[in-house]
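Student: One-letter residues, chain by chain:
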Amino acid sequence: MIKVENLCKRFGNLVVLNGVSFEVPEGQTLVILGRSGTGKSVLLKCIVRLLEPDAGKIFIDGKNILELSNKELNELRKEIGFLFQSSALYDSMSVRENLAFPLIRHTNFNDKEIETKVKEMLRLVGLEDAIDKMPSELSGGMRKRIGLARALILHPKIMLYDEPTTGLDPVTSKEISKLILDMQKEFKMTNIVVTHDMVVALSTADKILLLESGNFIFAGTPDELTISDIDIAQKFLSSKLD
Amino acid sequence: MNLTERVNQFFTVIGGLTAFSIRFFAEVFRPPYEISEIRKHMDELGVKTFSIVSVTGFILGLVLGMQTQPVLARFGAEMFLPGTIALSVIRELGPVLTALIFAGRVGSGIGAELGSMRVTEQIDAMEVSAVDPFRYLVVTRVIATTLMLPLLTIYVDFIALIGGYIAVIITQNLTFAYYIQLVLEAVRFSDVIPGVTKTFVFGFIVGIVGSYLGFNATKGTEGVGKASTTAVVISSLLIILFDMILVRLTLIIFPD
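These protein sequence lines map, in sequence, to chains H and G.
Numbered by the working numbering, the letters in the first sequence go through residues 3 to 244 in order.
Numbered by the working numbering, the letters in the second sequence go through residues 37 to 292 in order.
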């Protein structure tokens, strides 16, 4: 489903990604774990070509996305949902308008059908009552949920999560982790979750990659990570216990 | 920042603005045309600037009348006061003053709004959801400013003429109808058209500069503030520069 080969990205003299390669089979959840500033978000943004890699290949459903035209890329992007670290809700639009935006742009639904879809997604993320609120009236956790609802409203085949629990308290973080699992059950998507939160990593991953200094230093299941003797993996695990 | 860096930064902005403008013209004629967004922005721009240009326009006409009257009186040419006010307002002061106010009010707003969208990843979110943010956010705003400024200028010209009438009746016993008649006798087609036409260029400058700086904002809230203030400075400078060029062009096209 998603295959990345020898991906390189640098900013000036700073090498962020140094030939990373991995594969995510259809319907699986890959978690990319790493400390802040190790290039996790850069990797995710390269996958949707918000950033252009310096070298390497990215295949989605067999197509190298780096060779697609703008039109082809946009067609592909309709099948990808992206939850941003900051949720990235459109400030000038209400929750209803935020969720309706992708439907208005990419479907032929009438107003009634759009309203039904919006309410259905809000029910799934447990925020039906927030439909008329503006983003500035929402808490951090609510913004993440609305961001997730908007990302999922076109029923994407691939879902990318960029630090889904950053800035949230432990209770809300657990709720978001549960929501990721619930959405996976509901929509059967292929997921990539970028995080430094071990609770999210261990509860959602089929496979975990640990990114450090531009490359992966661990690849394995959550169980394998917990018994790994890699220093950084141990530090992440102890942070979970803290 | 030393002089070399400042010069370097200035040419970077000018180069970026040129490329941004070329991209605008490449995109503007391609569907979808986002008519409802353009209309929404035009409404917002009108509401934002209506009161400030009304007050400024009225005072402009009033002060211009009060300043010009004693000068004309010295030469016994007071009857030319309505025509002098009208020509000054319509040919130069109305368009330039409205454009400068527009740059301060609207250009800074566009810079701050798009800058904020950039640093909070809203523009990235739009791009990922297969909506071209340049077309949706930039093209619509630049069209709105380009169309709205001429309308506001015509309104300001009219309000300034009313202000001018108040200045006239302080010293002369003149009916409004006769004042308007004197204005119409003085003003020609070749005075009105260039005055209004150049505001399309000024409107474009305000829209494209604000959008360019906001769209390319970096460094968080500091970047948003910088985009907003730099938008006002650069668009005001460009308005004055292009005014000089367009006045010269007008004198070549309409030599009399």
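Derived by calculation from the structure, the hints in this document are not laboratory data.
A quick note: this is a predicted structure, and the numbers were derived from the prediction, not measured.
We treat Cβ as the ideally placed atom computed from N, Cα and C, and that holds for glycine.
Just to be clear, a hint being listed does not mean it is correct.
What the hints assert, rightly or not - Partial list, derived from the structure: chain G residues whose beta carbon lies under 10 Å from chain H:
1. Gln105
2. Val107
3. Ser124
4. Glu128
5. Leu129
6. Val132
7. Leu136
8. Ser152
9. Asp160
10. Ala161
11. Met162
12. Glu163
Stated by the list, open to error - What the simulated footprint calls covered on chain H by chain G, stretch by stretch (three residues with Cβ under 8 Å from a Cβ of chain G suffice, anywhere in the stretch; the number is not a length):
13. 10 to 20
14. 66 to 80
15. 103 to 116
Student: Which numbered hints turn out to be false for this structure?
Tutor: Violated: hints 1, 2, 3, 4, 5, 6, 7 and 13.
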